[in-house]
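*Asks:* Those protein sequence lines, which keep their order, are chains A and B.
The opening residue of the first sequence carries number 14 in the working numbering; numbering runs sequentially from there.
The opening residue of the second sequence carries number 139 in the working numbering; numbering runs sequentially from there.
Keep in mind the hints are simulated off the structure, nothing from the lab.
Do not take every clue at face value.
Reference listing, derived: stretches of chain B covered by chain A, where coverage requires no fewer than 3 residues with Cβ under 8 Å from a Cβ of chain A [unchecked claim]:
{"hint": "1", "segment": "188-201"}
{"hint": "2", "segment": "222-233"}
Just some of the chain A residues that point at chain B, by a computed CB distance under 10 Å [as the list claims (entries may be wrong)]:
{"hint": "3", "residue": "274"}
{"hint": "4", "residue": "275"}
{"hint": "5", "residue": "278"}
{"hint": "6", "residue": "316"}
{"hint": "7", "residue": "319"}
Every residue gets a Cβ at the ideal spot worked out from N, C-alpha and C, and that includes glycine.
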Amino acid sequence: MPAPSTPMRLSKGSEMDASLPAVPARRGWPRASWILLAFAAATLLLALAGLALGPVRLGPGEVLSALAGQGDPRAEAIVGGIRAPRVALAAAVGAGLALSGTALQGVLRNPLADPGLIGVTAGGALGAVGAIVLGGTLAATLPAPLRPWLLPIAAFLGAGAATAFVFSLARRGGGIHAATLILAGVAVNAIAGAVIGLMIYASTDTQLRDLTFWTMGGLGGANWQVAGIATACIAVALVGLIRLARALDLLQLGERAAWTSGLEVERVKRAAGLWSALAVGAGTAVAGPIGFIGLVAPHLARLCVGHGHRLLAPAAALLGAALLLAADLAVRLVVPPAEPPVGLATALIGGPFFLWLLLARIRRDA
Amino acid sequence: MLEACGITLMRGGRAVLDDLALTLRPGECTALVGPNGAGKSSLLAVLSGELAPARGRVTLAGRPLSALGAAGLAKARAVLEQAPSLSAPFPVAELVALGMAAVPRATIDEHALAARAMTAVGIAHLAARPANRLSGGERARAHLARVLAQLWAGRTAGGGHFLMLDEPTASLDLAHQVGVMTAARRERDAGTGVLVVLHDLNLAAAFADRVVLLSDGRIAAEGPPSAVFRSETLSRVYGTPVAVERGHRGALRIGLDLPPAA
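My request is simple: use the sequences and hints to build the entire structure.
*Replies:* Written out as structure tokens, the structure is:
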């Protein structure tokens, strides 16, 4: 029997183990911060491109002077009045969807938990449609400054209800299978779709026009009021989610072990659900349902900076912003002056990506 | 002192633990043994604060566990659950560092503690390896290192009083079983109260100061191994003939008392 004070000497490398090992303490840190910096630069470049490109092309100098308020009035009107709110909205919605996806995947310990796939976006859409169709009478009773908030709040409530449903499913089993999660998403999406269909069927002509505008609108309808409200909501949610990074790391141990390690698991899950619903709801309310950003961005971010959430969360948010900026730029430039909905572009990129992920998992599990 | 008295835990309308009392003391290693379904893991979960009993109370230094909160409990005791897992492929060093989450970063040297914990269980050479690329035995030891790091970090914060291990030897070969129990004994020698759920009665006899034999949610026998591990007691509780002998160095040797096959 070994003496109590000897460490286990079992493995082949045991001679090396006797001395304290060089733990990879800060290893990878500089590389990761370079990657984050590159993501930020790419996001900034895409935002500038979003300000410069369109039916009227502006040079970088024209954009910068228009932003500084020293350009010619026409360029200022285009940049400040039309393109800047749209670019701000695209960046905020993309970052919000990506970080919500990261948080949901972290809480559910399942890399397929995209807000769109598991029904959170559909819940937000249901809330938004409900606000458009049924909220007219309610909005009339509200004071004028509060009316623009009705749509985002309704979408937030819808997204929150869907998140609570999915989390309650996950709690029952202790863990949740990918299949259960996706099937629950299919159910939530189908129910929300059916109710939305009913409401469209029952809506008046004016409401119908609003609805069509909303579902097709993408980011095109952005003005400073709409973009300001959504961006503010999403910014609050982003701060809330980034602060959960360490907790999300701990949750990867499973809820039991995370709790015995000192994490108030229920509080963290509530916070993650709340902030995710706020980001997805606010984004869905103004831009319509946009799929797959919450799936693609976290996956690409993991490939670049690894699985630790302190780097993953900001990286995914930046990538999400860059992806949606790029998608919006693409739909604006591909068949001008027509603008296909931006959700089409993200689905065209994200759909095949999701299939590839599924096939890779099936191959690995086989 | 961790004191539990009058503990009754219900599950599915059945009392999994039935009016049970147990005290854990610092510097003592207690082995929890018994047949499947006797309530060993349930008792460990109640003592760790994870499950609240239907009746009875558990106190740590006089304070009820429920008043301590997850973070307070995490500093006072460390728990290794039965089948620990990790969903994300963190490097082993980061997995081990997760154990120190309850203690403020500024007050401990996280890297030194993680390195010490990995060395203590012989996985220092795996520090940079992703945790999903470990063998079963390596994974079990990586999680043990995480729990040791939690215990030591708790000690620097004035806690680290108890170490609770739920079948830590289940997936390990003989040498690694001894290694894990040796690591647990080192913590006992440092003044920590150790509670370990074991299936292997020989390991319990070799390492425990005290054995608690559970049967149907009650304590069937309790005391030093030589007092609890008696042929008639074990045969009765396990429902199969069990022989207890003295080995050549005086150690207890417990085994099935069956005729040879054919």
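*Asks:* For every hint, state whether the structure bears it out.
*Replies:* Structure-based check of all given hints:
1. 188-201: violated (count 1)
2. 222-233: Our answer is that it holds, as 10 residues pass the Cβ test (under 8 Å) against chain A, meeting three.
3. 274: 5 Å, holds
4. 275: 3 Å, holds
5. 278: 7 Å, holds
6. 316: 12 Å, violated
7. 319: It holds, given that the least Cβ distance between residue 319 of chain A and chain B is near 8 Å, below 10 Å.
Violation of the numbered hints given earlier is confined to hints 1, 6; the remaining hints are satisfied by the structure.
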